[in-house]
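First to last, the sequence lines map onto chains A and B.
The numbering used here numbers the first residue of the first sequence as 1 and each following residue consecutively.
The numbering used here numbers the first residue of the second sequence as 1001 and each following residue consecutively.
There could be a bad hint or two in this list.
DMTMM-like mimics (lysine to aspartate or glutamate), calculated; alpha carbons at most 20 Å apart, straight line [claimed, not checked]: (1) B:K1077 with A:E491; (2) A:K458 with B:E1195; (3) B:K1131 with A:D432; (4) B:K1077 with A:D447; (5) A:K555 with A:E535; (6) A:K458 with A:D447; (7) A:K540 with A:E42; (8) A:K540 with A:E491; (9) B:K1077 with A:D455; (10) B:K1119 with A:D432; (11) B:K1077 with A:D445; (12) B:K1133 with A:D445.
Please keep in mind that the hints were generated in silico from the structure rather than gathered at the bench.
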Amino acid sequence: MTAATVDAAAPRTARFDVRRLLRYGGLAGLAMVFVAATGMLETFNNRLLIRPILSMGYLILLSAPFVMGYLVGKRTEIEGVETAPRTSADVVLAIVAGLIAGLITALFAALVDTFPGLRGTFPRMGPQMVSLLTFDRGVGIGFLILPAVAAVLGALGVAMHWLSDRLRKALGVGALTVVSTAIFESVVKDVFDWFSTLPRFLYHTAGGLSVVSAIVLFVVAAGASFFLQGRKVPGLGSLTSADTGERRRSSLIAAAVVLVLTIVLPQLLGGVLNELLTNVGLFLLMGLGLNIVVGYAGLLDLGYVAFFAVGAYTMALLTSPLSAVPFQLNWWQAFPIVLLMAALAGVFVGTPVIRMRGDYLAIVTLGFGEIVRYLFLSDWLSPFFGGAQGVRRIPGIPVGSNEIGGSDITQFVYFTLFFVAIAAYISWRLQDSRIGRAWAAMREDEDIAEAVGIDTVKAKLLAFVTGAVLASFAGALFAAKVGTVFAHSFEIIVSIIILVVVIVGGMGNIAGVAVGALVLIGVLGGPNQPGLLQEFGEYKLLVYGALLIFMMLQKPEGLLPSARRARELHQEEYLQDAWLDKEGRFVGQEQEA
Amino acid sequence: MPLLEIRNLKKSFGGVMAIGGVDLAVEKGEIVSIIGPNGAGKTSLFNVISGIFPPDEGEIIFNGVNIAGHSPSEITKAGIARTFQNVRLFPNLTVLENVKVGQHCRTRRGIWSAIFQTKGYREEERLIEEKAKEILSFFGTRLVGYRFEQPAFVLSYANRRRLEIARAMATEPTLLLLDEPTAGMNPRETAELTELIGKLRSDKGFTVVMIEHDMRVVGEVSDRVVVLDHGVKIAEGTYQEVSTNENVIEAYLGRPTELRKTTTEEQKA
């Protein structure tokens, strides 16, 4: 972007900026080499999006030069500063940069091909990868195809800026529709179970969209977008608006829609998707709990999974006939005890760390999380917790004469959603309550909160306990769902993922956490649970990391932030508009005078 | 019996004696100003009274109870509220929320009543809101109306100072400690605030102890002035008495070296 601003300052000649060229070309090349060397290309090549022309592997590989081309043509428009006009130099630059990127990748492949010894370092660069990178045309000419394709894509990317905004948006919507329909093939098939003509038309019998249906989809989606643009659709936009009244109204509407969906949806979905929805629900429960601790009270807890574990193990011990506990309860009888144990665990973990702050608190809670896991795993306590074996044969939730467990997932999902609703309600009520305000104040400035009369020790403990209880909801459900509880399910990565859900979704906002859980757990999958993109399996954490970095750079407040946090991270912009009312008029001046 | 009585208060930070045995008594309904050159220990005294640092030695008797060494929240609950030299609000909370937070120690509804939205809880929330608005109206039209919902970081410097006082008032104190309330204000704002400080006593019934550098403000509103230097009280009395006191002039301006010699010789003798 610095290049663009420098360009904006000086009137541009159609001269070539070599540094810019090398930067864009090099970065795109690096991205392509990365996709190839990590084996993504090869793994995802089996997943055909449009049969037989486009696989997911190629889509990822080739999006690099296209995005690069798009960025080359992008201009940051600043009010009052003349933006440099787009010239043919941009096109040339994008093409040459695409060539460079393709050459770098081809060179890399050739290198690995000529010196097989390098395969020790790049185990995924086998002959198959080389043949993929040369489009099956042999090492000679084949290596020229990739640079050519990359150059063309770079040119296409930069060409996007010559289209009108409306057309560009329409093309984007079309492409996105095609890609997502292809990627979510299993969902579409599952949801349209009752109307199988549609999936049968869309998809090839062997999987993937057919060329015809891809074109039809693209034309329909792009056309609809082109003609409907500019008409106002009451959308999610108002959910993030800073105006509290409008925000509240649209939140209520959204809540109603979500409620209806949750009642109807599990009936329409098949087993796999209900399983997925249950996982989303469990992580959402934990996300909501962590949101109270981190989002409301500002206590960075990296060992949050410990409370999940306490909930699951307590439920397991109390209900399983194989446990060391001499008596046996059913799920409902055990539930209050689970909550009590979780609350005690909250006090137990909270008390020693209460005087710590920020980084120190994070490290200590991290340690506590691991200690809890090792206690459950240890030989010392294995008579109780079963060591690595865990506790087995946990019955489901008894309803009437049935027991609903993981095998009756269509019914189980309702329990999960029920507890999610309770957790969301609690979060919502607490947010604007007296204790919620105390938490918010503590998050802002702990010393001052104490000085204005908030007992911060008590407030912190309360946050820990509330968070722990919500996590134990998830734990209790989890135990009944999987039937076996063992320490492997409570590794530190779970804590991290829950935190990422909260951060990416929007810290401090209930709807934000829900969106975060849907996007991350639903689409990508949890640490041990597959998501919609099952193919991503081994690259899941890579995608998580990339997404987190992208979010922190572009939208640190999360997808659906709370009003307070959005203000906090955009103070300057907010300050500029603070003098204006909703209609853009000046307010308050007469009172200042 | 005085409202606040400090006896032989001492506090040092790593060998630096910030407060070296201060005695001070404040009667109910008084306005007392504490002045002194930079580093005299004025803010340290406030920090110790409000519980941010525990004292090394000495007693702080407030309303007949020794509050020395208690936590800040307990002391605020006992009835001492304060503002800070470098304004410290909750910047991302709204103006109204800042004042509502101040009422935390005077209200009591907890988690359960909030979850179940009990009648008592809703009634208490309504009262909190009403009271917060009433307190903010103390400052005229500056912090009301559209200001209620604005985050505190939007406010001008003077308004931040006002909001901080409002937040302190919300804790329903009997004693209000103001740390340089007019610092950074222009003359007109200073005059307005001086008048308000008078009203804090006459209308609201607070006892006020303030640290202030602006001598016009000090002279105008204080009943009594206490002068600190190097952590010790060097003078006390009305503004007139203090402003002519030789020790005070020396502390502020210094004294020619020959003269200082003679005073030390006099002391030896």
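| field | Numbered hints the structure breaks, given as an ascending list | value | Hints 1, 2, 5 and 12 contradicted; others consistent.
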